[in-house]
Structures are given as C-alpha cells and as structure tokens.
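Protein chains in written order, with this note's numbering: chain R, 3 to 247; chain D, 5 to 829.
Bear in mind the hints are in silico, worked out from the structure with no lab data behind them. C-beta atoms are modelled at their ideal positions from N, C-alpha and C, and glycine is treated no differently. Please note that the accuracy of each hint is not assured.
The calculated SDA-like cross-link candidates involving lysine to any residue, where the alpha carbons are at most 25 angstroms apart (straight line), are [said to hold, decoys possible]:
(1) K214/R x G515/D
(2) K580/D x W592/D
(3) K233/R x A817/D
(4) K782/D x D588/D
(5) K233/R x D743/D
(6) K91/D x V131/D
(7) K233/R x H748/D
(8) K473/D x R435/D
(9) K233/R x L755/D
Anything over 10 angstroms on all C-beta distances counts as not near chain R; from chain D, calculated [stated by the list, open to error]:
(10) R106
(11) D221
(12) L293
(13) V315
(14) A444
(15) E604
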Amino acid sequence: MTALAHRPAPAPYAFAQSPCGGLEMEVMGAALRMRASGALLDLAHQALIVADLHFEKGSAYGMRGQFLPPYDTRDTLDRLEAEVAALEPQVVIFLGDSFHDGRAEDRLSSDDAARLVALAKGRTLIWLVGNHDADGPRRLPGQVVETMTLGALVLRHEPEPGEQPGELSGHLHPCARVSSGRGTVRRRCFATDGTRMILPAFGAYAGGLNLKDAAFAGLFGRPPLAGALGKDRVHAVGWRSLTGD
Amino acid sequence: MAEDAALPADLLPAAFADWFATRGWAPRTHQLEMVARARDRRDALLIAPTGGGKTLAGFLPSLIELSQRPPANAPRGIHTLYISPLKALAVDVERNLATPIREMGLSIVAESRTGDTGAARRQRQRVKPPDILLTTPEQLALFCAWEGARAYFEDLSCIILDEIHTLHSTKRGDLLALDIARLQTFSPNLRRVGLSATVDDPDVIRRWMGFHAGERDDAPPAVDLVLGPAGTPPIVDVLLSEGRVPWAGHTAQHAMAEVYEVIKTAKTALVFVNTRFQAEFAFQELWRLNEDALPIALHHGSLAAEQRRKVEAAMARGELRAVVCTSTLDLGIDWGDVDLVIQLASPKGASRMVQRIGRANHRMDEASRALFVPANRFEMLECQAAREAIAENRFDGDPPRVGALDILAQHIMGCACSEPFDALALYDEIRTSGPYRALAWEDFELVVDFVSTGGYALRAYDRFRRIVKGQDGLWRARNAETILRHRLNVGAILSPAVLSVRLAGRGGRAGRKIGEVEEGYLEALEPGDTFIFAGQVWRLMGVTALDVLVTPAPASDPKMPSWGGSKFALSTFLAKRVRELMFDQAHWAVLPADVREWLELQRDRSLIPAEDEMLVETFPRGKRHFMVCYPFEGRLAHTTLAMLMTRRLERMGAAPLGFVCNDYALAVWSLNPMDGVDLDALFAQDMLGDDLEDWLAESYMMKRAFKGCAILAGLIERRFPGAEKSGRQVTFSADLVYDVLRRHEPDHLLLRCARDDAATGLIDVARVGHMLARIQGKIRHAVLDHLSPFSVPMLLEIGKERVPGAAGEMILAEAAEDLIAEASS
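Assemble the whole structure, with the sequences as input and the hints as a guide.
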C-alpha cells in the first residue's frame, strides 16, 4: 500500500446515506444501494444481489460429527425473505457459493426448499455458480449461469485479478476491522473503489476475511471504501480507519 | 509435638521410624493420623497450613503399603495416583518423593506425567505403570478416555488430591470429581485423600470429594476430616504511608519508595499484585528506585515459559531479593528463603491472602511476615479488614458447586471413548461425585442426547450420531475418528488465544520470542506506539497473524495499556467486613489520619450507612446529575447492576448518559435530576427478570460464556490435526453460532450452560440477587447539593472507562464521521 501513498490524492468518494440506513454509491455509473443486511440493490434494474449464502454449512460440519446448530439455512432465509419483502425486487441474483457443497441442495429441509420456491413466485432467481457449488442447484427454480451482465455491470463469483471496471463479485467474504481507544469491532463489509465492488458474505455461518489481507491486494485501483454492516445502517469507513487482524 | 496417646505406637514400620530419626524429625500427629485412617481404609481430608509436612502426610500411608507389598509374578497397576493443579507442582513432588524412597531403600517407582512428558516415557508408563503416578486433572481425563482405562486402574488403591481448595469450585474441579467417580467404579476399594490449605468450611470440600455407591443423600460426608496444627499466625502489617493515601488509582505509586525500603530489609520478598499491568508497572517503578542494584525479577503469565523458569530457578538458588508477581506464584513449589510477602493494592479476599502469605517462610514454627500496601482510601479500609480477618483466622467461603453440564458432556463422551456404557449405571456413578450429586435424570438424558446428536429440536443429525446405542443397550463412540477428535479436546482449561511477542528482525521477519500476550491486549495501540512488557519498553512495529513484532525503545515514555490479567472480585466476606469497619467509628483509630478525616468528612457532609444498609447519593455537578451507590459487591456485580439500573432510569425519564464502577461503588450520570427517583422501585428485586434477559441476550459476556461452554462441551473444537484454527476464527464463528442458536432454539442446553456461567462468573447475577435482597427497605438516600467525599474516587475514574453497550456501533459511526471530515476538508 505504500506505493499508493505516493499517487496524487484522488477525489473523495461520493456516497449518500439512504433513509433506510443503506449506503448509496455509483459503480461505473450504476446506482447501487448497500443494505445493512449485506445485500445489494441495483436501483435501475430492481435487482437484489446476495453473495456467499453457504446454505447447509452447518449440516456439512454435522456429517463429520461437529454438531453446529442446524439452523443456519433457516436463519439465512429469514434475512433474505425480509429483504425481498421490504424491497420487492424483480430479480434476485445469487453471486455464487449459495450452497456450501455439491450435496447441500439434497440436505435442504423440505420446509427451507419450499421457501426458496416461494421466493421465485413473481420474480426471477438467477444462480451464479461458485467454487463451492460449481453446478448450481438442480431442482430449485431459477436460471444457473457462470457470469452475467446487468447494464454496465459484470457479475461473477470470484473477482478477476487486476482492475475490472464494472465487476460485482463475492467469494472473498470481506470484513472491516476498526480500532479505537475504546475497543475494536470487526464487521462484514462491502468493498468498492467506485469501479468494482466485492459483496460481503450473506450466509449465517460464513466467516470473514480482513480487507487488509493480501488476497485483496491489486484488486482496487485506489484504497477502497468499506461499507461496514452496522446494526441498522451501513457505515462508510475509509481505508485509513481500517486495521489488519 | 509428635506424641499423641490416641494413636497406636506401631503405626510406623521400623524403617520409617528410623528414617524420621536419622533426619532428626519426629513424625507429626496429623501424619500419623493419616496413616491410621489409611489402615482403616477411610477417605480423609487433611487441612493443614503450608509447611506442615502435608504432602508427606498424604503419601506416607502409600509408601508404607508399597514397602510391605509381597512380591508378584506379573507387573502391577498403579497403586497411588497423585493429582496436582499445576504441572510444575507434580514434577516438584516427584523430586521430593525421591528422597525418602532413596534414603529408605524402598523399591517404589514414582513418576510424573504432564503435558510436557516425552512420548517414550508416556508409552512406557502405559505398558508398565509406575507404583505412584503424579499428574494433573487434564491428564487424568485423558487416561479415563483411553480404551482399557478400567484394566489400567483396577489395582488403584489411593488417589491423592493436592491443593484441593484451588480446584473444587471450578470446572476443572467438576471434571476431576467425575473422573474420581469413574476411578471408584474401576477400583471399588479406592481410598480418596484430599490435601488442602485452611478453608472456611471443610464440609464443602468433604462433600465435593464424593460419595460411595448406595450412600444416602443426607448421610454425613463419608470423608474423615484430619486437622493439622494451626501453625504460627502470620504477622500482617498495613503500610501507613508517609505520603498521603491517594483518593483513587490502583498502582500504589505513592508508596513505591517505602516498598523498596522494606524489600531491602528482607532476605527475599514476593511482591504480589492483582494484574499483569500492575506487575509491569511496579517492576518498572522499583527498578527506577533501585540504586543498590538489588536483583529484582518479574513473573507473570504473559512472560515466555522459559523466562519464567529462569526466574523460578534463580529464586530457588536464593539469588533474588524480590520477585514482582501475579497469581502465577500463588501456588507452587517450595522456596525456603522467602521471608516477606508484600501485597500491592487491594487483597480482594482473605483466603487468597492467606495462600499468598503462606508463600513466605515454609516453616511452621516461625511466623510468616506480610505487608499490605493499599493504593487508595477504600483499599485502606479493605486492607485493614483483611488484616483483622486473618488475625481472627476467618476466611471467605466458597459455596458448594453444582457441576456444569458442558463438563458433563465432555465426560460422557470420554467414557464412550474408553468403553461402551450403560446409561443408568453411568448416571448412578456420576451421582456419586460431589458436584453432580443432585443431577436430575432428565438433565442427564439431555446431555447424553447432546453428546450423541447435538440435542437440537430439529433432529438434523440423528444419522450422524457421535455415540450410538447398540442392540445390547450400551452406548459406544461412533468410530475411531470421533474418539481421536475427543482426545484432542479434553480438559476444562480455556486458554485465550495468544500472540507471541517477538523482536522484529530484518525485512519484517519475526525474531526472538519475548513472551505472549492475550489477543486483544494490544488492541488500543497503533504501530509506532510504545508500551511496557516483560519489564522493558518496546515499540510496536506491527502485528502479523501470530506474532506481535516489537523493537526495544528504552528511552521513550511508554503508553500503558491496562490489560486485565486476572481481575479478582472483592469477596462477599471481605466486603461485609469493610462495611462493618466503615460503620464502626470507634474502629477508625486503626486508620491513618487522612483516611480518618475522609470518613469524618463523609459523615458530616453526607452519611455513613450502617453495615446492612446501602447508601445512595444524588447530586448535581456541572451540567450533569449524579447518582452514586455503594453496594461493596465487586466490580462485576456492579457493572451488571449499572447496566440494569440505566435501563430503568431511562424508563423513569432520567436520561442516563453513562456509568462507572469499581469494587466498592458505582456512579451513574444523567441529563435530568435523580433526587426524586423512587429508589425502592429502582432497586426492586424484579430487576433480575425481563430487564436482565433483554440485556443478556445481546451481551458480549454471554457470547464469551457461550464460546467457553461450546468448546468444553465439544461443539467447537480446540484443535484438530491439519485444521489448526487461529483464535480469531474461533471467536468469529462462535459468535455466529451463538446468534443463530439464540434466534432459533433459545432453550438449548448450551445456552442454558452459558447463562449459568455468566450468572455466576462474568456478570455475577447471583451476587446482584443477594445484594438486592439484602438492601430491601434498607436504602439510605442522601440528597446533596454537591459531591460527597466518598464519591470523589468514583468521579476520578470517569473517563478512564470504556463505554459498554452500543460502543461497537459508536466506533463505526465515529470512523464514518472521520471519513466525512476527510472528504469535506
């Protein structure tokens, strides 16, 4: 990051807090609203975008004898349904790793599967594939794709290296860590430099990777802005306020 | 002092009597009495002060039995198992035991086994057990989870539990009690021997040591009590400092020069403090004053093990004049040369003080010498109260413990790893242990189901059971992998994730290790900041995944992170004595003049409450209104009380803004006056109902308690080969698991465990409850027009405290404001 410090100071990020507590910002001209839930709304297309749900991660551990509470899928669905009810999007786009493994769809409880079917009523579901769910769902409604475009935006699971104007991706589970004299908080976050954006993981049991981790190096043309998920709002946190783990 | 007509003369075989004689000793009465109890196959608890030949008294019967054993054709199993709370103590006792065995020419093998014992020795011990095995509760739990544990222990004749007063009221104690019950099943003739320092209520420990199968619940404890000699009472002084006693603060900086002078008069002094921060600070101060270049060392839990061992070795050789230390030296091996114990800052409890004072002078016939150094005025009262309690031989009492269900889960899994079990037989066995005496069958079944399937209402894991009930009705571990996983996660000690502190080498590489800090300790520091650690000043260069990189910064003025280390709560017993001392004006004569004046001023300007009353003061100051109450129940209980009070004050319209707590009192400040608040309603006992539940659900304390329970119960693993998790990932996922479980199954067993733990530990709800009951109708309200003398120390603490509650959101919001400022500049 030292190299960046020698560049001329770029213009400050332009963002706005929306009344719902969300954070609005443009990526390559597309108006996006980051929601405190970790979902992203594309305002022009009324598309709700969520990344890395990792359905049935709990039962994946359970099969190996580590009995995490088997309610993670239910919990993730609760939050997704709440977003759909609040925003009534026309499209719901899953940015990959929606399922924790290739057999996860089979382990969905019939109740949870029915809720996903119900979600597709009156709108389209689009499942991008990820490294955890390379084939996408087989029986659930919706279209399975590798990548897609949404106006000027390109959506894929894993961010491509180098500068990728207009890319929306997930995969890395970004987290922002902020320290002050009174303590430290570590929260899931959106990460964007105004030309691309990486979404936080939406799944109940998904872990997080610090935005200062080397895995994010080279992805942004300038130090990114973190949209850290607070209780009811997304906090815009600048690069200088972030700390590593 | 050896003779006692009641004891038969032939208790000691000739070889033993001769050995005592050649050493110029006479066996002590309690030592002979332990031999007599063993002869009758009675369980016994020996209570004797440090230096009373307690350990030998415990081993003497076993040594005699072993020396009289007829030859055998086949190798025999372990005869005596010795359990110590400390690895170092087990090794030390092994060394001490070697002397009588060698000098009497006994053919007895006594060996230690700890986490540090080499693989070859462990393997040999398994194939060819020593006669006496010295080990720790964690190793015993591992033994009990072995296949073949039953056969291994079937010859066990005696189990000796050393320093039992440090274990019985903890989760480690729960696990140990369960393993003792197991051993008793393996070897029904097993004799239990407990060794303890002086305690308030020996019956609590006697019951903890367990029952025998078929014994009635209301039967008197089956364990005989043997009392050692009282020992010479210690000489305890309180430093009446020449400088005035400060109003507030915890460092005792004002008295450091006097402490240094006292150290000069001693051969070797132990300087005890309550936190690692205080240890670093005191060490720094003493060296600043150390014109005589006295060898003064530092010892606390964050220092590298190697460095601690060096200090201990130098101490044993008599090369040190003083060691500044924390509770790491409360227990441990003998150092004959310590002749003075100094307690810097508040003692917190009488029992811990007696333990610490016992570190000086391990000879019974000479008095131990101790000096209390209060750091502020309330501590002066506390030190006086502690001094008087010790003189009267009165101690804090630990209430009898109810065994934790997370530990029970671990134990049940361990039993299944060892051999198939019958649920009813195991239930009966478990109920012979003290802490689980009252275990309900329903709870036992819940725990078995938890071990088997996770115990969720959603039966998602019935196909993946960790233990399975077979056709024969017995429960077995599912497979070898399940067993391996369990063995790697045994034990009741939760070590916080630690980072190594290392010298920064060239190119940012990590160099020599200086010590370890708990994760979070350096959180408030930025690279470039300086801090004291291991007695030196360092500059923080950076933090990597596992290391804190530092460079020496000798000349700079360090920032001081005040990290917790071990924070003890003021004991209920001592708190009561402080309240008594405060109310009894005739008693004030023992206090120095400035503290007496402070009390008199308080009496005249506000009031001094009676021992059973609670004082509440309200007064305006600046633009704020203050309410200060003085329950004297310890910081943890006060913090909980303050969280709940501010919720109520909010509803009453006082608009509280913040609060601060210490061991004696708590202060709340608000926008609106609180003079008219209905105090009986504010402190009504229903405070511990819904308000508590609401607050607890979101509380960081609950998350921490849950994580601990989840690890102990085997829900989250400490470690698995090839899948080593860093502490941080564990923290993160444990919180996620907690949130999901709380939302979807709030009555789950582990949430119940976490609530119980938080209630007795981190938030001390139990104590708040007792206090609310105590003060009903006994609240004295002083409406003042300005602050009172008692409230000054509280007000001085404001601003040093972290703001709890929504602090996380505030930190994020502030960071966002910074950004806005950045953007608009």
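Hints, verified against the model:
1. K214/R x G515/D: holds (23 angstroms)
2. K580/D x W592/D: holds (16 angstroms)
3. K233/R x A817/D: Given that 25 angstroms is the threshold and the Cα spacing comes to 11 angstroms, the pair holds.
4. K782/D x D588/D: Within the cut-off at roughly 18 angstroms; holds.
5. K233/R x D743/D: Answer holds: K233/R to D743/D is near 13 angstroms, not above 25 angstroms.
6. K91/D x V131/D: holds (22 angstroms)
7. K233/R x H748/D: holds (19 angstroms)
8. K473/D x R435/D: Holds - the C-alpha atoms of R435/D and K473/D are around 21 angstroms apart, at most 25 angstroms.
9. K233/R x L755/D: Answer holds: K233/R to L755/D is near 23 angstroms, not above 25 angstroms.
10. R106: holds (49 angstroms)
11. D221: About 34 angstroms separates D221/D from the closest Cβ of chain R, which puts it past 10 angstroms; holds.
12. L293: holds (30 angstroms)
13. V315: At about 32 angstroms from chain R, V315/D clears the 10 angstroms cut-off, so the statement holds.
14. A444: Check passes; 23 angstroms lies beyond 10 angstroms.
15. E604: Given that every Cβ of chain R is farther than 10 angstroms from that of E604/D, nearest at about 38 angstroms, it holds.
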